[in-house]
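K.L.:
Same order as they appear, the protein sequences are chains X and A. So in the UniProt record's numbering, spot 400 of the first sequence is number 400, and the numbers just go up one at a time. So in the UniProt record's numbering, spot 60 of the second sequence is number 60, and the numbers just go up one at a time.
It is possible that some hints are incorrect.
One copy or any two copies: either way a pair holds, since identical chains are not told apart in the list.
Using 25 Å as the maximum straight-line C-alpha spacing, the simulated BS3-like pairs for lysine-lysine come out as follows [claimed, not checked]:
hint	residue 1	residue 2
1	Lys355	Lys387
2	Lys540	Lys60
3	Lys352	Lys540
4	Lys376	Lys60
5	Lys96	Lys4
6	Lys506	Lys96
7	Lys59	Lys376
8	Lys387	Lys504
If you're looking for bench data, these hints aren't it; they were derived computationally from the structure.
These are the residues of each chain, in order.
Number of protein chains: 2
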Amino acid sequence: MTQKRILIVGGVAGGASCAARSRRLSEEAEIVIFERGSFVSFANCGLPYYVGNVIAEEKKLLVATTDLFKQRFNIEVRIKNEVLSIDRQNKKITVKNLTTNEIYQERYDALVLAPGASPIRPPLPGIDLPGIFALRTIPDSRRIRDWIAERQVKQAVVVGGGFIGLEMTENLVHRGIAVTLLEMTSQVIPILDREMVIPVQERLRAHGVQLCLEKEVTQFEQQENNILVSTRSGNRYPAQLVIIALGVRPESKLAIEAGLEIGDKGGIRVNEQMRTSDESIWAVGDAVEVRDYVTKEWTLIALAGPANRQGRIAADAIAGRSSTFRGVQGTAVCGIFGLTVANTGASEKTLKRLKMPYEKICLHPGHHVSYFPGAKPIDLKLLFSPKDGRILGAQAVGEEGVEKRIDVISMAIQRHSTVFDLEEAELCYAPQFGAAKDPVNFAGMIAANALRGDAPIAQWDGSDLTESVLVDVREVGEFEAGHVPGAINVPLSQLRDRLHELPKDKKILVYCQVGQRAYYATRILRLNGFNASNLTGGYKTWKSY
Amino acid sequence: MTQKRILIVGGVAGGASCAARSRRLSEEAEIVIFERGSFVSFANCGLPYYVGNVIAEEKKLLVATTDLFKQRFNIEVRIKNEVLSIDRQNKKITVKNLTTNEIYQERYDALVLAPGASPIRPPLPGIDLPGIFALRTIPDSRRIRDWIAERQVKQAVVVGGGFIGLEMTENLVHRGIAVTLLEMTSQVIPILDREMVIPVQERLRAHGVQLCLEKEVTQFEQQENNILVSTRSGNRYPAQLVIIALGVRPESKLAIEAGLEIGDKGGIRVNEQMRTSDESIWAVGDAVEVRDYVTKEWTLIALAGPANRQGRIAADAIAGRSSTFRGVQGTAVCGIFGLTVANTGASEKTLKRLKMPYEKICLHPGHHVSYFPGAKPIDLKLLFSPKDGRILGAQAVGEEGVEKRIDVISMAIQRHSTVFDLEEAELCYAPQFGAAKDPVNFAGMIAANALRGDAPIAQWDGSDLTESVLVDVREVGEFEAGHVPGAINVPLSQLRDRLHELPKDKKILVYCQVGQRAYYATRILRLNGFNASNLTGGYKTWKSY
């Protein structure tokens, strides 16, 4: 066999993984990475923390250097070399050396596109003013650091309340900068369901962040030392620094110009082996569309984990192996001022959009047993199929133990588990780590009780709320301290003696503080012939709507 | 249907769960719990922390009271009532009221035995001396607290280095008491594999614990204010307080005397519905033998999680439902001086004893990416089937994120997953929470690389170690600072140029610090026609043997 030439466009995450694994599969192949930027394989996800000085040294962000690639993997990395075009017919790429401006061609046997995604910069008036930054590369973060130092930034505006916007907000606050966070939709982290991010929004405000929702930015103006950020609603926010964190867009230009198939969402279309519509070209990472593992729809996902896995699979495919990519669950996590918010699988809004049947439950267990000091509540939401109990997605927010529960549920989703499997999960328990019934077990039990018909679940945003009798089964003092309008109070402790006060011909919706007492009440009522359901998550969930 | 009488012997964990669920399944049933002790449904697992004053108030340990059972569940709890015998023929139990000494009988339709287990107290000379305690109940812990206060205990001996022995050690040290820990075997936490507890043993010693292994206690003597604890090896340890933590024995006396079938390990034999050999009698919790989920052998397991699940299943069965218990994985966790050690599934020693084929790998990843401050290493061991990669067990130890990885792998084992599934797991990643390749992914990749034949694994305790060429691929400075006797040093960075120094006709075993560079080296060697394997876990694992 003649020596195979594997050329890789883009040297971070997916591209770097593909290159390294290709070497592990062949000592003979010639492997070259073309990276437009100055760095290969850097820690993208660490950039906000470098801006925030939590990561103090830039060199910490360099996962691997060009020297290491050469020495360890015998892989040539050409940084500051931009691939301009692909000649598919002759299997050649045209490259521009950004240092010398030399333009040259290289022949490939296999070409891997890992160009990533670029920050969305809407074409608004003033978007190119100095002091307005996006964050995607090490030089980006260096420029922001320099700007903060030189201008002694006191006030910043962050545009966009997704994961990166939140991480940037936290890190700017960490540096003593006042932050205004402008989000166009009605919630931060728009990929999550709205009630799950209420604690995040409260936390942001508690840390002095001026959080402004439903604020669409329309223009930027220079005004002395400030940039004035204007919104459609007519507000104006002055700042010395503006961070644009509106998400990313796949870098599919090269692929489009080469005539490769592009998906509806603008990403490069690939098959399960990460192969594009050209059999000699593969694509991986943020630039490709992949299948959502739960919904099966094509999706764009800019996450490091899937990118790495895809890189490995493309390498396998190039080497003639049969590995396939199973799709993405979208498992993600974000830390914000001591709060952790995480998700896996489909959100409720996605399921609604796709008209996929689902049932949902909410619960608020402690991250470990309440009898051990320091228990912190977790708000947990589980989405599952009403047909067979298959888990469709989960979201959680809290101070401790959040990502653990989402990771366990992520593993469960990967293995096509049902809520009945969560009931039976055998998880670590000692007082400081969990509970004999872990939050994951509780979620399974509540869902399973609903599916078995033992304790049907009602929703706070459900249509039956107005036509039903609403019963608050908390104690009198709790009820008097605040309750849902229209509810009557029959404490669980008195319920068996007061059944005659409730109608048998109407639907009864029961709630308590978090759902446990209401579950007991629901069982008592149903066993006594009432048509009772448990309003999921109780008063605590109601308050988040 | 006439009113059913469900009598339950024992009101903690399994018994309490069974009672509460039975009520949720029937409002009519008469449910009575007979509890020999003074408390129902208390937090057993919190007792060491109550002794240690970490949990300051005794009432925190009361998960539910007799009043709550009455009011919430309409369940009668008779504390200080001991069930003396079972008349299976007439479906009656004989009970002694321990307060009045009255003896009476009660009729049952369904009887549930949840008597738990009692601490093992070997019949050694002096075992009943004042100041020698076991810990199983709230009164036990109260007595120990009182003893510590009254005698101003300065020195304690803990006999037994299992989970409870370690938790008691930590809590006594927390109270300023010097602790000598005597363990009969050659390691603490004997259910784990020896190399996994080396960090635990180091941590104990670092916190001033006098840890003495292979010390079998033979007698206790009173000597002035001290108890002298003697061992077979001739040592004598003085102490004002001795804690016996030698594990527990199922309380199967009642079942034995009633002629119920008992398993080989002394636990009550039950079927998948927790039914004993008598069709009107169920048994749950620490007193029963259950199936190990991985090995399928009968086992005794004293854990709260499985006890609760069993209680629910017995209640279901009594109510005519078809729930079954799937067996136990033995998932467990212990915190000791800031270190967490956890396991799920089978240990290597269990697999060896049962002659079940297995493969093992060790790794030492950070609990999150190294570029974010504060990454702590996790020692992780994964056991899997060499045939199909099915995960058989996992153990981990470290300061952070240990129980999370074990919980994820526990879920994977429950769902019959393979190491190939772990490779593909999509887990939470942000710099402070994990890595794009989580430790769970790494474990899967290493194991899968071995099974695919890409990078076979060699074992430090393997038989081929002496007949092979041992190659240390770390850099020269690392090699010179300490290496495995007999190893030659060929740094990974020089390997491609020095292949001619290595023999093609001998087995080559490669190692580095933790296994990653050795993996790269193994691939280079194999692709160049050498018969190379990666010594799992590297120098770090070697040092733990």
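K.L.:
Taking the hints in turn, state whether each one holds.
P.N.:
These are the hints, each one checked on the structure:
Proximity of lysine 355 to lysine 387 under the C-alpha cut-off of 25 Å is restricted to the intra-copy arrangement: shortest distance 14 Å within a copy versus 42 Å between copies. For the homomeric pair lysine 540 and lysine 60, the shortest alpha-carbon distance between copies (23 Å) is at most 25 Å, but the shortest distance inside one copy (42 Å) is not. Within a single copy, lysine 352 and lysine 540 get their C-alpha atoms as close as 23 Å, which meets the 25 Å cut-off; across copies the closest is 51 Å, which misses it. Taking the closest pair of Cα atoms, lysine 376 and lysine 60 come within 25 Å of each other only across two copies (16 Å); inside a single copy the shortest separation is 32 Å, beyond that limit.
Taking the shortest alpha-carbon separations for lysine 96 and lysine 4, only the intra-copy value of 23 Å comes in at or below 25 Å, while the best inter-copy value is 84 Å. Taking CA atoms no more than 25 Å apart as the test, lysine 506 paired with lysine 96 passes in neither setting, with 74 Å inside one copy and 48 Å between copies. For a Cα distance limit of 25 Å, the shortest separation of lysine 59 from lysine 376 across copies, 20 Å, qualifies, whereas the shortest one inside one copy, 36 Å, does not. Within a single copy, lysine 387 and lysine 504 get their C-alpha atoms no closer than 28 Å, and across copies no closer than 59 Å, so neither meets the 25 Å cut-off.
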